[in-house]
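A.B. asks: I would like the entire structure built from these sequences, with the hints used as guidance.
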Amino acid sequence: MIRLGALILFFVGLTNTIFSQSLIEVFLPKGERPAEGAHVQFTCLDCTKFNTKFVLTNKEGRAINPFTKRTEVYIFLVGHKYIIDTLQGGESKKFELEHESVDINEVVVTAQYAENSPEKAVHKIKVIDQKKIESLGAVNLRDVLSNETNVRITQDNVLGSSTSVQGLSGQNVKILIDGVPIIGRVGGNIDLSQINLNDIERIEIIEGPLSVEYGTNALAGTINLITKKSSRKKYNLNLNTYYETVGQYNLDGSLKFNRKGYQYSINGGRNFFDGWNVSDPFFDINRIKIADSTRFNSWKPKEQNFLKVLHSGKFLKLNYRFSSDYFKEKIINKGYPRAPYNETAFDDFYHTNRWSNNLNIRRKFSKRARLNMIFAYNYFRRQKNTFYTDLTTLQSNLSENVSDQDTTLFDLFMARGTYSTLNDSAKFNYALGYDFNFETGYGKRIKEKTQAIGDYAIFGSAEYKPLNKLIIRPGLRYSYNTSYKSPLIPSLNLRYNIRDWIFRTSYSSGFRAPSIKDLYFNFVDSNHDIQGNPNLTAETSHNFSFSGVKTIVKKNKVFKMTGSGFYNNINNLITLAISEGNSYSYFNLDKYKTLGALAQIELVISHFKCTFSGTYTGRYNSLSEDLSIEPFSYSPELRSNFSYDLRRYNLNFSGFYKYSGEIIGYYFDEDDEIQQNFLGDFNTLDLTATKGLWKNKIKWTLGGKNLFNVKNIVSRGASGVHSSSTGSVSMSWGMSVFTSIKIDLNGNRIKKTKINIK
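The opening residue of the sequence shown carries number 0 in numbering that gives the first Met the number 0; numbering runs sequentially from there.
Since the hints were made in silico from the structure, they are not lab data. Some hints here could point you the wrong way.
[Unchecked claim] Taking lysine to any residue and the SDA-like style, the derived pairs with C-alpha atoms no more than 25 Å apart in a straight line are:
1. K227 / S642
2. K696 / Y248
3. K119 / K329
4. K366 / L431
5. K553 / E35
6. K710 / E95
7. K130 / V736
8. K329 / N422
9. K696 / E243
10. K698 / I740
11. K93 / E71
12. K125 / Y566
13. K464 / W500
14. K694 / L238
15. K131 / N708
16. K592 / I662
17. K383 / G334
18. K131 / I83
19. K232 / P28
20. K549 / E71
21. K299 / D346
22. K741 / F282
23. K468 / Y433
24. K741 / L250
25. K383 / N276
26. K710 / I663
27. K119 / P465
28. K119 / E95
29. K131 / N555
30. K93 / P28
31. K366 / K464
32. K329 / G252
33. K92 / F53
34. K710 / Y349
35. K549 / I83
C.D. replies: Here's what the structure looks like:
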């Protein structure tokens, strides 16, 4: 009897244990069929010891929760949005997955009528999400773009970093933050290292002209940085730290909170770099400063401070968002001790101030019609001072040479608005808009010390669907400019999808307006005589592009294949040339062309993702019309990235490799003999690991940058008219190790999704 009783108690206990375990069932969208092979992670929340179990759903889409207490469940299947939910002890539940675009980000906004899926957009849009930004250990825009194909970064250790897209210089690349252009170009380029990413959610890149939508400088491409939106939680506190062995120390933080339906946020920080030389040790800590030749740094010491405040809410039927962003930078260029006694030196200090204010107002009139307006004021100030320093007393005084001191200011008033409709089921959608810009430049080297340019444009486009699978989008922009005759800008985009393929083709006209410096800049000293030309006209271009994307999704595997090509033809290229005697001025003299092709393969298997891509870009040789030179010189690029998530341990490994091929061109030497110039090829490799701690409230990243130790690359080129130079160009500060810690008191998890199927 005792044995029988014990046996009965054993079976009763076993039965209670089995039935106390919860069961989840996972279905594909619309509940059509079970989701086999979905990844499920169970984490016991009330266990005395933190415990996590990982399983796959069976053919019926089922998975058994091994814990009897309150449990967090995480469900993921490639090609679908993932789900996080909490199960009470013994609770069973059914879940239905939702489709997700293969692109990591769900929506894009650049050149769109409303928030749209990247796959549905008529433009081919490349999106860089926050996860990749973090994996790269990226501090500024330069760090991110260095890993992109069809994008080249050049470095001036005083003027900063600039970019070229599709073989066209940074003068033709439009850089926006939430649709507002960044001003303050030095040498025609925006310094990418001044654009911090601490408050950036994602980056959207469209190659080719978007001049219909965004006007001047959007000839080669448009880069739109989308800032983080206010948190829906009551408050959110972030703290970010960063250290790199070359002497980079960064600290920033933010506070966001909601009160009575209004959102507020403030964020700020400091980035400090204490300079770098090739002879510096690997770990550059507490370096002793000596007033000898080592005071000169090839990479200049730099300090950046920034602060941003934001407020958003709703007034009547209008949603509004106001932000004010202040940025301050100081660069120190200490000179070599002067011969013969090495007791004095000339030191340059560069101070940059940016102040950006942006008011965005939106209203939805119906499910398909909406109004979006932006009002902005941007201020840019750059001051250069040269000091004569006594190295025995370390006392400094302003140089008496007037040309050693300079201050330049620019400000921009902008008003932009669009009224658009977007309905996927409608055959016809459209957008109409205006774009008003008034820019003023101040400085002693600008004609009459003050000049202004006003540009007032209207634009429109329409999307017509003669077939469900075909979208045709023509566009047109007309503008009036106070300083030159503006061209009429048309564009035509087509998108066609069939089965697993999406094809896009486009013709776009673009333009670059002559800047205030091109028109009115006057600079004369013992070595220079440069005069602006108020009679310049805008550069114009014609761009043709084509792309095809094939995507295959099967269970936990995604295969994506992309091919594309482009051709740019630029007329009236603004060039510096001799005007009279030894005086130089700007003229619309040259033409330029680029063409190229891209091939890319992306593969996702469970939590592993890898990308292989290559480009081949041809740049026009202007001397080929008169000499026996090939019309184009071609340069290759190769890129390979991988990412692997160990979700069980909340750990990610990433790698980023890129090969940049040699760039070749031609010029005349001082004997009127034709010579070849070039910029050497190089390889870069970054490896990183990111670990989530404390339920993902803390993210710790450790990585190595530039593991091939590239510092300078060989170059030879024309340094002026009938002159040349041979040497090297700065590319990077060599191999380094970095670490960063990001603290988010509310975590970075997506909003919980609860779906019950009855």
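A.B. asks: Determine for every hint whether it applies to the structure shown.
C.D. replies: Right, here's what the structure says about each hint:
| no. | hint | verdict |
| --- | --- | --- |
| 1 | K227 / S642 | holds (24 Å) |
| 2 | K696 / Y248 | holds (22 Å) |
| 3 | K119 / K329 | violated (44 Å) |
| 4 | K366 / L431 | holds (17 Å) |
| 5 | K553 / E35 | holds (11 Å) |
| 6 | K710 / E95 | violated (52 Å) |
| 7 | K130 / V736 | holds (19 Å) |
| 8 | K329 / N422 | violated (49 Å) |
| 9 | K696 / E243 | holds (23 Å) |
| 10 | K698 / I740 | holds (6 Å) |
| 11 | K93 / E71 | holds (14 Å) |
| 12 | K125 / Y566 | holds (19 Å) |
| 13 | K464 / W500 | holds (17 Å) |
| 14 | K694 / L238 | holds (16 Å) |
| 15 | K131 / N708 | holds (22 Å) |
| 16 | K592 / I662 | holds (15 Å) |
| 17 | K383 / G334 | holds (14 Å) |
| 18 | K131 / I83 | holds (22 Å) |
| 19 | K232 / P28 | violated (29 Å) |
| 20 | K549 / E71 | violated (36 Å) |
| 21 | K299 / D346 | holds (11 Å) |
| 22 | K741 / F282 | holds (22 Å) |
| 23 | K468 / Y433 | violated (30 Å) |
| 24 | K741 / L250 | holds (10 Å) |
| 25 | K383 / N276 | holds (23 Å) |
| 26 | K710 / I663 | holds (20 Å) |
| 27 | K119 / P465 | holds (16 Å) |
| 28 | K119 / E95 | holds (23 Å) |
| 29 | K131 / N555 | holds (21 Å) |
| 30 | K93 / P28 | holds (12 Å) |
| 31 | K366 / K464 | holds (19 Å) |
| 32 | K329 / G252 | holds (21 Å) |
| 33 | K92 / F53 | holds (17 Å) |
| 34 | K710 / Y349 | holds (24 Å) |
| 35 | K549 / I83 | violated (30 Å) |
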